[in-house]
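There are 2 protein chains.
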Amino acid sequence: MAEDLQPIGQRDGRIRAVVENVTPQIDDGRFAVKRAAGDVFVVEADCFADGHDAIACALLWRREGATQWQVAPMAHVGNDRWRGSFHLDAIGRYRYTVCAWVDHFLSWQHDLARRVDLEDIRVALRIGAQLVAGAAGRTQDAAERDRLQQWVQELARAAESASDAEALKHLALDPVLSALAARHPDLQFAYWYPRELPLVVDRERARFSAWYEMFPRSASLEPGRHGTFADCEKLLPYVAQMGFDVLYLPPIHPIGQLQRKGKNNALVAGPDDIGSPWAIGAAEGGHTAVHPQLGTLEDFRRLIARAHEHDLEIALDIAFQCAPDHPYVREHPEWFRRRPDGSVQYAENPPKKYQDIYPFDFESVRWRELWLELARVFEFWIGQGVKIFRVDNPHTKAFAFWEWAIDRLQAKHPDLIFLSEAFTRPKVMHRLAKLGFTQSYTYFAWRNTKRELIDYFTELAHGPGREYFRPNVWPNTPDILTEALQFGTRGTFMARVALAATLSASYGIYGPAYELMEQTPREPGSEEYLDSEKYQLRHWNRERPDSLAPFIGALNRIRRANLALQRDDSLRFLPIENEQMIAYAKSTPDLANVIVCAVNLDPHHVQSGWLALDLAAFGLQEGQPYQMHDLVTGARYLWHGARNLVSLDPQRCPVHVFRLQRRVHREQDFDYFM
Amino acid sequence: MAEDLQPIGQRDGRIRAVVENVTPQIDDGRFAVKRAAGDVFVVEADCFADGHDAIACALLWRREGATQWQVAPMAHVGNDRWRGSFHLDAIGRYRYTVCAWVDHFLSWQHDLARRVDLEDIRVALRIGAQLVAGAAGRTQDAAERDRLQQWVQELARAAESASDAEALKHLALDPVLSALAARHPDLQFAYWYPRELPLVVDRERARFSAWYEMFPRSASLEPGRHGTFADCEKLLPYVAQMGFDVLYLPPIHPIGQLQRKGKNNALVAGPDDIGSPWAIGAAEGGHTAVHPQLGTLEDFRRLIARAHEHDLEIALDIAFQCAPDHPYVREHPEWFRRRPDGSVQYAENPPKKYQDIYPFDFESVRWRELWLELARVFEFWIGQGVKIFRVDNPHTKAFAFWEWAIDRLQAKHPDLIFLSEAFTRPKVMHRLAKLGFTQSYTYFAWRNTKRELIDYFTELAHGPGREYFRPNVWPNTPDILTEALQFGTRGTFMARVALAATLSASYGIYGPAYELMEQTPREPGSEEYLDSEKYQLRHWNRERPDSLAPFIGALNRIRRANLALQRDDSLRFLPIENEQMIAYAKSTPDLANVIVCAVNLDPHHVQSGWLALDLAAFGLQEGQPYQMHDLVTGARYLWHGARNLVSLDPQRCPVHVFRLQRRVHREQDFDYFM
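Residue numbers (this note's numbering), protein chains in the order written: chain W, 1 to 674; chain R, 1001 to 1674.
In case anyone wonders, no lab produced these hints; they're calculated from the structure.
Ideal placement from N, C-alpha and C gives every residue a C-beta, glycine not left out.
Worth double-checking, as some hints may not be accurate.
As the list claims (entries may be wrong) - Coverage of chain W stretches by chain R, computed from C-beta distances (three or more under 8 Å per stretch; other residues unrestricted):
id, region
1, 50-63
2, 116-128
3, 136-150
4, 377-386
5, 390-400
6, 457-466
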């Protein structure tokens, strides 16, 4: 018999409730769900028990490290699905889980309400008195205990004396009693979901950000002179005027001399060639040094401070690779793989060779020291005031390193933001996002047609990645001048940046190449820029009258003024009857802010199409006109019904960013739309 | 520094491969995936590593209890998805998992194939020699070690001497070397998926079965006499002739006298009323006793033996509830809940009372003893030779009990089959299937229209439940005489049983009520049969000329002869242009057996519709005729092209069950279709 009892196990067999399918969760809690401060965090679960007893559920959550759980109630939303939520006030790491139990008090009330036989109801009241006595016994609060004891006596007395079935039921179903009892449920046989699920709450910029990438060495206003951090300071008003939040600089470290590449990636550099900032490390230092021609560490710190005055944050590029003359190569030879002749293995993708770049060997026996040193590089720049890092090619470094490093760094500095620069296979990009990267580059640059854009942004906003993969979309980068831009018009540049700024809460451009519509490739078929800043200085005429800077500034101001554009979860595409046109809407949950965008994807011709709005979904009524306020041009259109014609000329502006305004008064006066 | 290293943890940071999203799996391995003996078990996983190195993966599996893993190779099927499989020869419990690693030998070969520079290739050969030496060092087999050592020398020699780049590459990519090296991969930094996923392999009948339910007490061929097990023996040829596999009997135990219900569920029984078999237990005994009027335990064992001679298995109904005079009530008062007056709490669903039924209290302090006793009931009947149990209302007993009991019983008797009789909320039904029930009742009885049938069977065959929820569909039961049957015609009865038998690999009917087309309800609006056998004896004229027994026999013979009908995973619905008609196909993976069904759902009128076949999906070519052999009527139709007209008369036969036969010779001779 003793042996027979063994397999029943430690769990109490009287636990009858079940919690399944808790959402959100990522890979069964292996990775953290991501949210931003200010969000309401909604959790759902399937909760049920055998039989017909009523159950109750609670959502439990706590800050990581806290021992006490906070409790949020859960309500049944149908088909054994329960929902609860709590408000995320503070950034940091959280845990949450769900608990459910068979609630005999609720079952008793539920049955009682349907009883008709007086004798039955009397018996039920006696059972109820026992249940309430149980609740009284669980109370720590003496006043509550007294009140519950009074209910016990009242139920017992009524069971003996009263003869009006309806009066007895009324007494037993009293909402005061219900509320009292609900505060002291019997959790003896409660089922606890077996996992505490992780949640990371980032600051708001993790969710909503506009990035501007710029080479500091081209910041000089003087043609031919190498730019400095001081020159960058002078450009801060220009960048701030365009409404960006993040000013991101390519690597600022000393550039290798050995195997240096020349202009346009020439295999051999000339004596004046300044090299690629991604060929990191030289006699002057490595990943924690500043390239002398840019200035000093102090200059850099001053740039950060000045940027803050313009509401701009400086983001730094972290590229974990070395030029052959990087100090690491000499000081830590065991961090690099060797060829049979003892030389360091350079990067290669046969038959191509990248002899100016030595990758780290993440299978080194000294991997622990390597990890610590790379984490120290981040710590060093955090010490200078950097809070945002764009990580170069993270997919070519060990996943386990990133998970460890980001977790470790954010534990100390929960306001850090890491942007993953990976344009590789989808599952690799998703893995990087899961293991901790705050934001991720996307395939947006190569999604150009209506079908491609709808499919891709539907996947980003509503696919399984929505809980952890925060897209940051770029129409160009120093490595990516797409064919669409090479062969595009001014309208193409306007359309692509408008799509980026409105389809995604986070986006960026590489400028001034973008706003000045640079579009010549190094050679036909290449996505490289001709005379790329990656290998040489450039001088930019930022005052050019055709610059897109004012247009981009308008877009960023619209983004800041409209909450709907500051998150992606409400994105829905709208039917528009023209294959060259795309339309979509974003809205706040209360519909106080509804943005409708329409974009002409044709670089050359005026296109028109009937755009269909689901009126009910936007709180509109059939037969009632509403106003579409184009926030780019300021024009206001009065629309009627679900279908309205939209026409866009790429020679002027290929995009409408409408704010939908419902009429609040009956007068035909535009002022009454809001 | 020591403290700094701590958080890196125990895992070796050099493990660079990742395994994610292993399928199939249920709730992250909490529950077992179900398969049947003879199946090929296919496992897929997302496997990848950082960077560009090649990886390799293996599928590992073992019988539960075995320590040694068996290995099956996995192949890349695109987008970082890998697939492997193994054959399930034996029933029982298994575990499986996936392992992946960066494979430097494969990476080396991959890079080498793309190298062009002779000097480069020479260096690569020296690296290759080191890698092959590593493989040699890992070999236990002396002969293989020698062969690998010869390759080491050959590669080293070639690296020094040869001058023909192509010849060197040819040598290094030799398939003999590749195969040798693949047998001895470097698993030093292999990633093991962190879970061993459970798999249950049942016998074939778990997947493919036809059930016939029959009340033994109505088995007598003499009107008015209580049937016996001996009478049941005489009906075995009748049941076997209809082609069923399982003969399922309602409870065979002594029936309670106290609070016994009368005919048609009358509250008070008359002196001759025989009671409901589900009101279990009386002075003569409880769940391990036989109702004296049916015969003895020995008679029952003989029935089982005789049934086997007819290829029939006896399934027993296990209903864990007690009549008030069940011995348990006296012997184990603590297994029942008490009312305030000390009496046992009967079943109720206010305002309804079921005073003839005492449910067990699964929150009893004596729950351990209760569980053991209930398991003993199963053991008792297993001891008599019963291997299949239909469990009555499992959803009103604790989930944890079922999981423990089924696991415990199947561990000793892996050939047991448990059918869950639960017509409750979908998530509860799924939970019961997850925690171990072999087969599950479904909502089929209430899915009648084309849309309902398509949606429901698509969900059953292709929804997430497909890995663990094996549907067993019943057009009727003693509790369920649907409105469709009440108001249906002979055609309705034919159509519903044909749908059940062809849409689902497992199905059942309650007879002879079904084949004799019993359709009168107890009262209008009720789903209860009038004069139900649940409360009284019935005498059936099984020889009635309009009986559906021959039709049902034909269906079951078709099922046995056609592998396509013996599983559900290939089910696909076919377009047919008539809302009263439904069409679908099932096929074996090699298309050697393709069954196409068309059913007229209209009880009264001839219906016709154009049925569309995706020719390519069935291995047919446009322009080539094919034969549709109706296995019910024997008729053969020559079809051309994708669209063909189907017409069905419910007065004659509302169903086609076609076997699709492709022509193998050009002659216009039907014999050449196969």
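We went through each hint and held it up to the structure:
no., hint, result
1, 50-63, "holds (count 3)"
2, 116-128, "holds (count 6)"
3, 136-150, "violated (count 0)"
4, 377-386, "violated (count 0)"
5, 390-400, "holds (count 6)"
6, 457-466, "violated (count 0)"
The structure is inconsistent with the numbered hints 3, 4 and 6, although it conforms to all the rest.
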